[in-house]
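2 protein chains.
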Amino acid sequence: MALIVQKYGGTSVGSIERIRNVAERVAKFKALGHQVVVVVSAMAGETNRLIELAKQIQKEPDPRELDVLLSTGEQVTIALLAMALKDLGLKAKSYTGGQVRILTDDAHTKARILSIDEDNIRRDLASGHVVVVAGFQGVDAAGNITTLGRGGSDTTGVALAAALKADECQIYTDVDGVYTTDPRIVPEARRLKTITFEEMLEMASLGSKVLQIRSVEFAGKYKVRLRVLSSFEDEGEGTLITFEEDTMERPLISGIAFNREEAKLTVLGVPDRPGIAAHILGPIAEANIDVDMIVQNVGHDGTTDFSFTVHRNEFKKAMAVLEKVKDEIGARAVIGDDKIAKVSLVGVGMRTHAGIASKMFKALSDENINIQMISTSEIKISVVVDDKYMELAVRALHQAFELDKEGVAA
Amino acid sequence: MALIVQKYGGTSVGSIERIRNVAERVAKFKALGHQVVVVVSAMAGETNRLIELAKQIQKEPDPRELDVLLSTGEQVTIALLAMALKDLGLKAKSYTGGQVRILTDDAHTKARILSIDEDNIRRDLASGHVVVVAGFQGVDAAGNITTLGRGGSDTTGVALAAALKADECQIYTDVDGVYTTDPRIVPEARRLKTITFEEMLEMASLGSKVLQIRSVEFAGKYKVRLRVLSSFEDEGEGTLITFEEDTMERPLISGIAFNREEAKLTVLGVPDRPGIAAHILGPIAEANIDVDMIVQNVGHDGTTDFSFTVHRNEFKKAMAVLEKVKDEIGARAVIGDDKIAKVSLVGVGMRTHAGIASKMFKALSDENINIQMISTSEIKISVVVDDKYMELAVRALHQAFELDKEGVAA
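Chains as they are written, first to last, in the working numbering: chain A, 1 to 410; chain B, 1 to 410.
Because the hints were derived from the structure by calculation, they are not lab data.
Some hints could be false.
One copy or two, it doesn't matter: identical chains are merged, so the pair holds either way.
Stated by the list, open to error - Listed next, the in silico DSS-like pairs over lysine-lysine satisfying Cα-Cα at most 27 angstroms (straight line):
{"no.": "1", "residue 1": "K55", "residue 2": "K86"}
{"no.": "2", "residue 1": "K110", "residue 2": "K86"}
{"no.": "3", "residue 1": "K28", "residue 2": "K86"}
{"no.": "4", "residue 1": "K326", "residue 2": "K359"}
{"no.": "5", "residue 1": "K59", "residue 2": "K30"}
{"no.": "6", "residue 1": "K91", "residue 2": "K59"}
{"no.": "7", "residue 1": "K28", "residue 2": "K55"}
When you get a sec, could you build the whole thing from the sequences and use the hints?
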């Protein structure tokens with residue numbers, strides 16, 4: 001007998017029929033003798049519907065009241081799922097975030113979980129109940145309703161699994177696991193049986209939106225066994241997210257992430273002296289613009305070029321900020337390009353193997369793809385290329401590293 | 001400066017535009033220096049939508065989970081109204097029933113309020129906030145969400161007014177007060193400036209659905225000054241519901257209530273001996289059928305006839321119960337009719353004046369309307385007539401008692 005936390009996203013509970021399917025899946029796990037806690041999101045479309053209502057009243061809805069509004073979405077789902085479970089003859093009980101008590105800080109619309117009181121849930125599990133918990137929501141110390149931000153239901157699932165010391169946290173979604181890359185771009189893309197937390201973090205932040213990044217951090221911190229599965233298939237093991245130390249031998253490369261939501265900006269002819277990077281990025285941060293890649297090469301003739309990427313939506317705003325900064329620091333010019341894509345090779349194996357980078361650059365060069373920026377970490381290499389070459393770059397790299405074949409990579 | 005509790009029903013908050021209108025009305029009261037607590041229902045149609053969802057999953061939805069589901073309706077409204085108030089530059093804060101803490105018993109879907117913790121509301125009022133509270137809902141001692149049943153938002157409003165010792169509880173609805181009878185049937189029907197609690201109880205229970213009956217009982221018990229107003233008109237004083245002792249002189253008759261939702265049943269030739277009424281009504285109560293009027297006349301030849309009315313939906317079920325009872329008690333036959341209507345004359349004045357009943361019966365007789373049953377209380381006389389004569393009976397009585405003229409009646 002195991003204690004399993006299952007999390008179902010908005011698409012998986014998007015209709016009455018799908019809620020019934022979830023109930024049937026839960027019943028199967030109960031029939032095997034497991035204890036089950038189910039975390040659910042709002043039914044697909046509901047959160048957007050509520051946001052639209054709010055925006056009709058306030059252009060920038062009050063954060064406290066927005067949380068009161070949005071939290072109703074999951075509350076509807078927990079009630080309906082608990083009914084569906086009871087309709088199958090199971091004992092079931094629903095909990096809002098406040099009822100569990102999932103205590104968060106008071107940062108409305110993006111709160112962080114501080115603690116979870118798991119006593120009621122344990123008591124219900126012991127008496128044979130399936131416990132259904134609203135994802136995405138909690139309460140602050142003053143009793144105000146808070147939400148964890150988009151994708152927060154994953155975090156709720158992992159945090160509950162950690163608090164309950166669950167044997168596994170299963171994240172059900174509309175894909176059946178984590179792939180070497182997006183199968184829509186590379187048909188040969190292969191589902192990974194396992195992936196490390198670190199790789200998953202890189203894959204998630206780089207745009208493979210299978211899991212919300214904060215939930216992965218949470219799982220890593222509390223050593224929660226996390227599995228991604230499809231809620232639309234009855235069979236399949238999904239992808240297990242592991243700790244690196246679990247696995248003796250790893251393929252060098254796990255996958256290829258990509259992202260065409262960024263734009264790059266370069267300040268040319270920057271005086272090469274201490275403090276200049278802060279002088280450029282300070283005003284960008286003050287304008288609330290998030291920066292992703294930052295590249296600065298060695299200078300010559302006392303000047304250097306300084307490049308970074310931002311979200312494409314912030315491109316114009318960032319350019320305007322830099323135009324002012326340019327004169328202050330005496331730089332030569334500011335140039336930018338919002339027709340770029342970032343392609344990243346991810347794998348814990350690469351940190352101990354030379355030659356990955358050169359193999360990557362050669363594969364791109366063979367396709368005549370020019371590399372505009374390069375940035376590396378211990379387990380990934382990211383390059384910026386022209387937007388229009390993105391798919392080609394992903395396919396070329398997938399083939400070069402033989403990611404379609406299990407355990408063969410590099 | 002007064003402390004006012006305002007309650008707005010589902011129609012009054014049925015759209016974004018109407019929620020804005022409510023916010024503007026509240027702003028006017030704030031501008032006059034009053035403290036305002038607003039209680040709101042779910043947006044019109046929302047509760048029914050949620051019930052439909054539930055019934056698609058369970059034919060008889062689990063009561064605990066139904067309350068979790070339905071309570072989201074008002075939660076959406078409080079958030080949107082608080083946003084609308086803030087959009088007008090007011091300070092505002094929303095509370096669910098659980099957040100206030102409106103403590104109820106654990107009778108899901110028809111819970112009763114046990115106590116209200118008004119500390120947070122008082123603190124917010126003192127700091128200049130408009131406090132927006134979800135009607136219809138509370139929590140039991142174990143923290144489960146409960147609802148008060150249909151119309152429960154009125155009860156929430158009155159209970160809050162009592163707990164806060166508010167100067168007035170204003171119930172905003174889609175009519176501008178309590179009328180002598182339904183203006184759709186009698187165009188001359190007149191809005192009453194005042195009505196006593198007792199009359200209001202009779203009017204409400206008899207089908208003048210302006211206010212939920214429990215809220216009126218509550219208001220009477222805690223001496224809450226209650227006023228019914230239209231949320232669609234800017235002017236108008238509505239109808240003030242008073243304690244009888246407030247008013248030195250009262251018109252004899254306040255209004256005419258009516259109801260065509262009942263059916264009558266008669267057990268003929270019942271042995272006229274003690275305990276027989278209990279023997280007939282016991283099985284009816286066990287079948288969970290509510291009984292309204294009960295009439296038994298003096299017997300002759302050792303038998304009597306026993307009649308009562310039930311809701312029309314329960315007619316067949318009640319007939320089936322009586323068929324069994326008939327043989328047990330040796331009655332002659334059971335007859336029934338679900339094509340009846342009840343028409344009632346209501347007024348505290350009538351208790352000290354003879355002749356009201358005979359005037360009523362004569363008015364009906366002048367229209368050739370046969371009276372099938374009669375039942376009286378201190379402040380009302382009800383008759384059962386053939387369904388098809390209902391409107392005619394109401395109009396005849398309205399004219400006979402000159403209810404279109406203020407203070408002239410009888």
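Hints, verified against the model:
{"no.": "1", "hint": "K55 / K86", "result": "between (37 angstroms within a copy, 13 angstroms between copies)"}
{"no.": "2", "hint": "K110 / K86", "result": "between (33 angstroms within a copy, 21 angstroms between copies)"}
{"no.": "3", "hint": "K28 / K86", "result": "within (14 angstroms within a copy, 49 angstroms between copies)"}
{"no.": "4", "hint": "K326 / K359", "result": "neither (37 angstroms within a copy, 96 angstroms between copies)"}
{"no.": "5", "hint": "K59 / K30", "result": "between (46 angstroms within a copy, 24 angstroms between copies)"}
{"no.": "6", "hint": "K91 / K59", "result": "between (43 angstroms within a copy, 17 angstroms between copies)"}
{"no.": "7", "hint": "K28 / K55", "result": "between (42 angstroms within a copy, 24 angstroms between copies)"}
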